[in-house]
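Undergrad: Going down the list, the protein sequences come from chains S, D and B. FYI, in my numbering the residues of the first sequence are 3 to 134. FYI, in my numbering the residues of the second sequence are 3 to 134. FYI, in my numbering the residues of the third sequence are 3 to 134.
It should be emphasised that the hints constitute simulated quantities derived from the structure, not laboratory data. Since we're looking at a predicted model, the values are computed, not measured. Positions of the beta carbon are idealized from the N, C-alpha and C atoms, including for glycine. It is possible that some hints are incorrect.
Straight-line distance between alpha carbons at most 27 Å, and here's what the computed DSS-like set of lysine-lysine pairs gives [what the hints assert, rightly or not]:
hint : chain 1 : residue 1 : chain 2 : residue 2
1    : S       : Lys80     : D       : Lys119
2    : S       : Lys29     : D       : Lys114
3    : D       : Lys119    : S       : Lys77
4    : S       : Lys114    : B       : Lys114
5    : D       : Lys114    : S       : Lys114
6    : B       : Lys119    : D       : Lys77
7    : B       : Lys29     : B       : Lys77
8    : B       : Lys80     : S       : Lys119
9    : D       : Lys114    : S       : Lys77
10   : S       : Lys128    : S       : Lys114
11   : B       : Lys77     : S       : Lys114
12   : D       : Lys77     : B       : Lys114
13   : B       : Lys114    : D       : Lys114
14   : S       : Lys80     : D       : Lys114
15   : B       : Lys119    : D       : Lys29
16   : S       : Lys29     : S       : Lys128
17   : B       : Lys80     : S       : Lys114
18   : B       : Lys29     : S       : Lys114
19   : S       : Lys29     : D       : Lys119
Simulated coverage check for chain D against chain B, where a stretch passes if three residues somewhere in it have a Cβ under 8 Å from a Cβ of chain B [stated by the list, open to error]:
hint : stretch
20   : 52 to 59
21   : 107 to 113
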Amino acid sequence: MPHFTIEYSANLDDRLDIGAACEVVRKAAVETGIFPLGGIRVRAVRCEHYAIADARQDYGFLDMVLRIGEGRDLKTRKEAGEQIFQALSRHLDSVFASSKFALSFDMQINDKDTSWKRNNIHDALKAEAAHG
Amino acid sequence: MPHFTIEYSANLDDRLDIGAACEVVRKAAVETGIFPLGGIRVRAVRCEHYAIADARQDYGFLDMVLRIGEGRDLKTRKEAGEQIFQALSRHLDSVFASSKFALSFDMQINDKDTSWKRNNIHDALKAEAAHG
Amino acid sequence: MPHFTIEYSANLDDRLDIGAACEVVRKAAVETGIFPLGGIRVRAVRCEHYAIADARQDYGFLDMVLRIGEGRDLKTRKEAGEQIFQALSRHLDSVFASSKFALSFDMQINDKDTSWKRNNIHDALKAEAAHG
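The following block holds chain S by itself, in its conformation from the complex (with noise of 0.2 Å):
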């Protein structure tokens, strides 16, 4: 945890660099400082099918699940959430700007009792945290 899934139309393509926006919303999650460095997982799945609105093809949306584990209270999710939107979205000024265009953002809260994981990044910071 967390997990950032994006899905977006195949025609931002042409109006985004997709890697340039995960990577905006990493780097906003790693500044909220609430989620651990070697747990952060940003992707995204473009859909090259997609019907929006009235079905007119040059719409285009992005949309954004976050996962996270339990045990942050709502005060600090909804605030974490803030900042990650209102950087994805500053990030998206020009697509706006330049389209008819949806931007969305949901967070999810996985279940712990059905939760597993296995993680050799944050052994892999913490060696270069104490080696650097």
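Given chain S's structure and the hints, the job is docking chains D and B onto it.
TA: Structure of chains D and B alone, referenced to chain S:
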């Protein structure tokens, strides 16, 4: 909101026009009358790798998840869901007739306290309506 | 039900046969004994764009979400989840040994009141069992 995400086995490419299926869902969602037009986003994600039931490669699946905002009662959600599912299911009759296939549809409700959006499609639709 | 959706960083293509990983999950799901065979659907979504931890491009991730229907108690779900996770984790030992990698698995329960399905794979399996 609402967000429809379809995941489908890549072997459907030969049996189905996925873009047309997205459009069937979009149209059915509009016809329920319970969603703001500018918020409807349907998309499909092609899954190249999959393993179904007893692992025969000619099995196919199409799974759709709808995420909506809070504020609609269960009866409204059930009726809208049924209407959309029946439209999609009818559209897939030929796939069922020609192959072993699994269709599914689930609805989820987003937590309004941790939901963010920015959308200039609503305004574009209003402007069109006013000038049309 | 059940639906297993895997999302993975595209850099795993060189380290892992994703189709084989899907098959490991399918087989483990069958072996739990708690799922109807004809309902098991495992698929993987390749994520070309991602940003992980401190953004090193050679980090990888594989995240799996299982959506199941209501009606199984927590103990049953935990044991089945553990069994499936261990099978997948063992399968990924070589990826952990050769790279910095994050594996995760979460389970969600679908609301039975807003769940629809149509599936002719169940009947095909029954017919095979009767004639086999």
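Undergrad: Tell me the numbers of any earlier hints that the structure contravenes, in ascending order.
TA: none
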